[in-house]
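Protein chains in written order, with my numbering: chain A, 1 to 851; chain B, 852 to 989; chain C, 990 to 1311.
Honestly, the hints are just simulated from the structure, not real lab data. Predicted model only: the values in this text are computed from it and were never measured. Built from N, CA and C at the ideal position, the CB exists for glycine as well. Check each hint, because a few of them may be wrong.
Pairwise CB distance ranges, derived in the manner of DEER restraints [stated by the list, open to error]: (1) A:Met686 - B:Trp879: 18 to 28 Å; (2) A:Trp444 - C:Asn1048: 38 to 48 Å; (3) B:Val918 - A:Lys363: 48 to 58 Å; (4) C:Asp1298 - A:Trp462: 41 to 51 Å; (5) C:Val1035 - A:Met686: 22 to 32 Å; (6) B:Pro908 - A:Phe844: 46 to 56 Å; (7) A:Ala625 - C:Glu1227: 33 to 43 Å.
A partial selection of chain C residues facing chain B, derived with a Cβ cut-off under 10 Å [unchecked claim]: (8) Asn1048; (9) Arg1049; (10) Arg1050; (11) Trp1062; (12) Ala1069; (13) Leu1080; (14) Val1085; (15) Arg1100; (16) Asp1219.
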Amino acid sequence: MTQEIDLSKLAPPEPFDEARDKAQRARLMTVWQEPPGWKIITAVNNSHIGKWYLLTSFAFFVFAGILALMIRAQLAVPNNDLFSQQLYNQLFTLHGTAMMFLFAVPIFEAVAILILPEILGARDLPFPRLSAFGYWCFLIGGVFVCGSILFGVAPDGGWFMYTPLSSNTEYSGLGADIWLLGLSFIEVSSIAAAVELIVGVLKCRPPGMRLNLMPLYCWYVLVVAGMILFAFPPLIAGDLLLEMERAFGWAFFDVDRGGDPMLWQHLFWIFGHPEVYIVFLPSIALIATMLPTFAGRPMVGHSWIVLSAIGVAFLSFGLWVHHMFTTGLPEISLSFFSAASEAVAVPTGIQIFCFIATMLVSKLRPSVPMLFAGGALAIFVFGGLTGVMVALVPFDWQAHDSYFVVAHLHYTLIGGMLFPLMAGICYWYPFVTQRAMNDRASRWAFWLMFGGFNLAFLPMHWTGIMGMPRRVWTYDLSDGWAVLNMVSTIGAFVFAAGFAALAANVLWPRGKAPLVARNIWNAGTMEWSGEVPGKPWGARSIPYIHTRYPLWEQPGLVEQIDRGEWFLPDAEEGKRELIVTDILDARPLYVQRVGGPTFLTLGSAFCLGTVFILATFHLWSLALAFGAGFIGFTLWWLWTGTSEIPERPSKPVGRGLTLPTYAQGNRSPGWWAVFITMTGDMTAFMGLVFSYFFYWTALPDFFPVAAQIPALHWLLLGLGGLIVGWLMSVGARRQLGQGARGTAMALLLGAVLAGFAGLGAWAFAAHEAGLDPTVHSFDAMVWMLVLWMGLHLLLNAVMHVYVAARIWADICNPDYRADLMNLTLFTHFLALTAIVIFILLAVFPMLMGAV
Amino acid sequence: MRHESDKQPGRFGPPGDAPRVIDQGSVWIMVAAPTLWAIHFVASYVLAATWCAKAGPALSEPRWIIVAMGVVCIALIAWLGMMAVRRYGGVFVIFEEITESSERGRDKFIGHVSLLLCVLSVMAIVFTTLPGFMFSTC
Amino acid sequence: MRNAVFLISPLLLGGCAGRHNWLAGAGAEAARIEQLFWVLLIGAVVIWCTIIAAAVYANRRQVDPKLERQARWFIIWGGAVIPTFLVSGLLIWGMVILRDITSDSGDITVRVDGERWWWRVIYDGPDGDVVTANEIRLPVGQTALFRLTADDVIHSFWVPALGGKMDMIPGRETTLALTPQKTGSWGGLCAEFCGGAHALMRFDAVVMEPEDFDAWLAAEAAPAQVAEGDPGLAIFLEEGCGACHSIRGTQAAGPVGPDLTHVAARERLGAGIYAMNADNMARWITETHEMKPGIDMPPYPDLDGARLDRLVTFLMSLDHAE
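Bound-form chain A, shown alone (with noise of 0.2 Å):
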């Protein structure tokens, strides 16, 4: 069917009539209009989620704002009682985490949503619903982390949360856990968000646009994605970890019972650093979008663009410990890390080279968003160079700590990001509302930012010679701190009105003003080929994408996207409509069809936002109770939205072109979530195994005597189970596909049977052994990789008892087996989990010789 098309040999199209063209918008626009009303909090397309998830970010931002201001006001002066010790605690925690975890990394979230699937000519992404449960889950995590200070609560151990100040309950009360549970949910939402544009990149690009001719926008949604499978999973056991420390008295961080602090710093950081690149890179996606609109040319290095951002993603992870260089790891390891923070330093700035190199060959025009870019160059530049500098390891030994870090890390973080990011709101204002700012207003907001930026940050590095260290609410006179303080604070307040200058200004109501002209700054990609006023299904017409700046290389396009003479000009069956296409060429493989509003992932994402609250009060049954709530949303979400069996295998789509209607296995875009959902799952599990060499590596005697390690026998006996039910869930597959659908039904139940049985086993062998994870670290260790398994294999079961109901509802059968081919990829991840645990538990002690 999609064998070899020649995308440049299409057949014509068929003549412009105006009648047909209005019927099929009417078409269209019954399919894709949003809600009216109160009911549109059921959207789920990208440009109402986007809009939404920009806003809520940008909510989040100046609350965070509004907590630096309050440090700044208690630090003007030496011996300031404004606030008392307790608050200003909470104060710089919540600030920190609140600008990591509900602002720069959202917002990345939220403009990909919002831009790439009109970058892509793409309708919407692939998983709508999964876009706006991710949504609900950031608002409802990000409200409850944030709302805890209303109530004296938040946490307030720092938003690195050391281990044992966060880990013993002495030290630390629901502050830590509200951190702990809160975040851990809003990282399911940002792993979710990932997965999804790695999956919109890789397989919604439109038909003819190939790798070489990817827009460098999709190239960093794609490596940034790519490095949120990777860096935040690891952040995820770690809380898991700490988490049953507080609430069960697990020992992992506990140096008494065997446990050691430091593990949570290095799953702290392997998250951490990663993440700071996780912020910058998308924002430099952003300039790297702009600039060539402005210098009127294509990018001057687009491929070595490409080859930085791949090349930093990598590197990225080679830098957690200089986090840690102050902690008294051996002088060859801590160099180790110095090494890769001095290498990423040139990937980055390739990057920046780039950037002058396309002014060089070009005549730039004068723009509020290049105003923007330039104050980012300027402030990055800065914050890169001291960046060189900490990643020395005796410089760190001083400025670790110390107000100088706190100075680098903002001028990186707000030159690498926020003023790129300001950029990005000022170009695409337009392309969001097809209304124009207040330029004059915008230059204004710009310059009070520039400077206030600078007053506030500049001095700071000085303060940090002069010994000042990070995160005290008071010094005194004699230290002599107090002017520099003082001037910082000045600064912060005058950046501030910059800020609110600009905020005023994207939001001041501009209902009556007049529509901007079309494709306002003259780009040349995609996103800016939408009518004006805008329509709710984004393209007229998928088109046929031959070149990287379609708008100027391909003349003629935009009247023909419009004319309807591209892929899916109509909405006959009155479906949500995309294109998939194949990763490196983009050839059309077939058509999916994604779900429209609904209220199903709304209380989906209540029903699980309510489980981390209730368990963070440690009501137990309650969060059950919203637990099945949160299931049974799930799976009504899924059974109604997902994998239908299409009316007709195939349909045309325009131009003599003919796709199918329904994939399955890795022509679908579902495998790939899950393949790429279990990477990340993996990586998570790689934590775990990670803890466990730790421990093994830092404690003498981790293992205890003999008569204390899980039996083989038994261990043997429950991988067999679990491997057995792995084979079954295969068998099922195969057994579908020869038409069994009885035995396809049995396997799959059957297969949920062994593998608790295996489980059971498992337990048994802990069990016996007299494992107590409260006693030492190898207990809980032990008891963890096995809780680890039951999670999943809980999971495990829901699926499978869901897909044989399928297979009875006759909605998953021979022909159409989509659900089934996802299932056994997961169980593929569940065998290869259960093989390491069985050499975590039984084959390293033996070699070790424990046993």
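With chain A fixed as given, assemble chains B and C onto it according to the hints.
Chains B and C alone, transformed into the frame defined by chain A:
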């Protein structure tokens, strides 16, 4: 036929758009070189950390293992670089962008970026081996 | 709230404003790092100016598409080749300095244990351990090896004027070598957030001539000079202070709080935050949590005037023997 993705999935065989191996013109070559850096980096770190925790302060053996691993990884990257040049037509310096809308264009682009990543990875591996030359004890 | 500090602080302003300064040149390690700092700073300023100048120039000049080839070479040289050489040079230099300033032996050894929120300090004296708190005295020109531990949470030991910092982590011992080169009283801080009163966890690092140091250590090692039947000591014991604090040579042997054997010989009170004088001592006992919020020591607001006076007089008498 070169591209697996165009094959229809066999009824029970592996489905069609599976990641292609390096020979067939895939994206994997782009991440192969930095992955080698990552492997070398983690191996060096784990070796040093375990050695210092379990064996003792003298680092004579680990230093040479780290350097030797680095040499092996650089050799592998050199092989990848050759692949990027020969199979994909990658070049190091380009004076115009690779915007050809064809499989060849896409291959050249992947080859070129892979080649650049090979160079970056070699640099990063050399950086990782430097501490091996510098420190003789934990 | 902290009026007392406010009142005495002008007195300290004179020579002390730079007592936490990295660039004070008071220690050999700090001096090596300072050398690195100046080179890095000058380099950073030069590079920043060059890049900004390049951007401004690129923006101002007339468009010349023929320059594209040069622009690409500019990416390769400016973005890749030159930075690679610069950072590899810095990396090597940084490692050389790191190797030079670390040491696992010293002329004297000082054990410091981080507590919430004070410092237990133990010297190796000729006759065994000499326990003191919140003040570290060091002989000039000699390398002191600090062996750092923590009891409750992670702290970080930092005397910016002398050199870098090192974390104090429960369950492990870290070491830090510092070689003071200038006599004087330098400021020490906890650099790792340790909850609550982290901001008020300070100490003084007093660098002395070696012979003065030896005399000080001998005096510090001696038991307290307490007269038989001292009424202040009786109050000290009656109020239960001895359950937490030790005064060598008396019955008070509490291991929980700072050792008070020679408390009056210290420059400061409350872990390096208040001048050591009778007024502050009295307030410390009665308004403890106003002086330093969140600490374990309970306040004794009900001590009547006479008893308080005697107790303070007693504590202020815990000085070194003449």
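Verification of the supplied hints:
no.	hint	result
1	A:Met686 - B:Trp879: 18 to 28 Å	holds (20 Å)
2	A:Trp444 - C:Asn1048: 38 to 48 Å	violated (22 Å)
3	B:Val918 - A:Lys363: 48 to 58 Å	holds (50 Å)
4	C:Asp1298 - A:Trp462: 41 to 51 Å	holds (45 Å)
5	C:Val1035 - A:Met686: 22 to 32 Å	violated (43 Å)
6	B:Pro908 - A:Phe844: 46 to 56 Å	violated (26 Å)
7	A:Ala625 - C:Glu1227: 33 to 43 Å	violated (57 Å)
8	Asn1048	violated (22 Å)
9	Arg1049	violated (25 Å)
10	Arg1050	violated (21 Å)
11	Trp1062	holds (8 Å)
12	Ala1069	holds (8 Å)
13	Leu1080	holds (6 Å)
14	Val1085	holds (7 Å)
15	Arg1100	violated (21 Å)
16	Asp1219	violated (51 Å)
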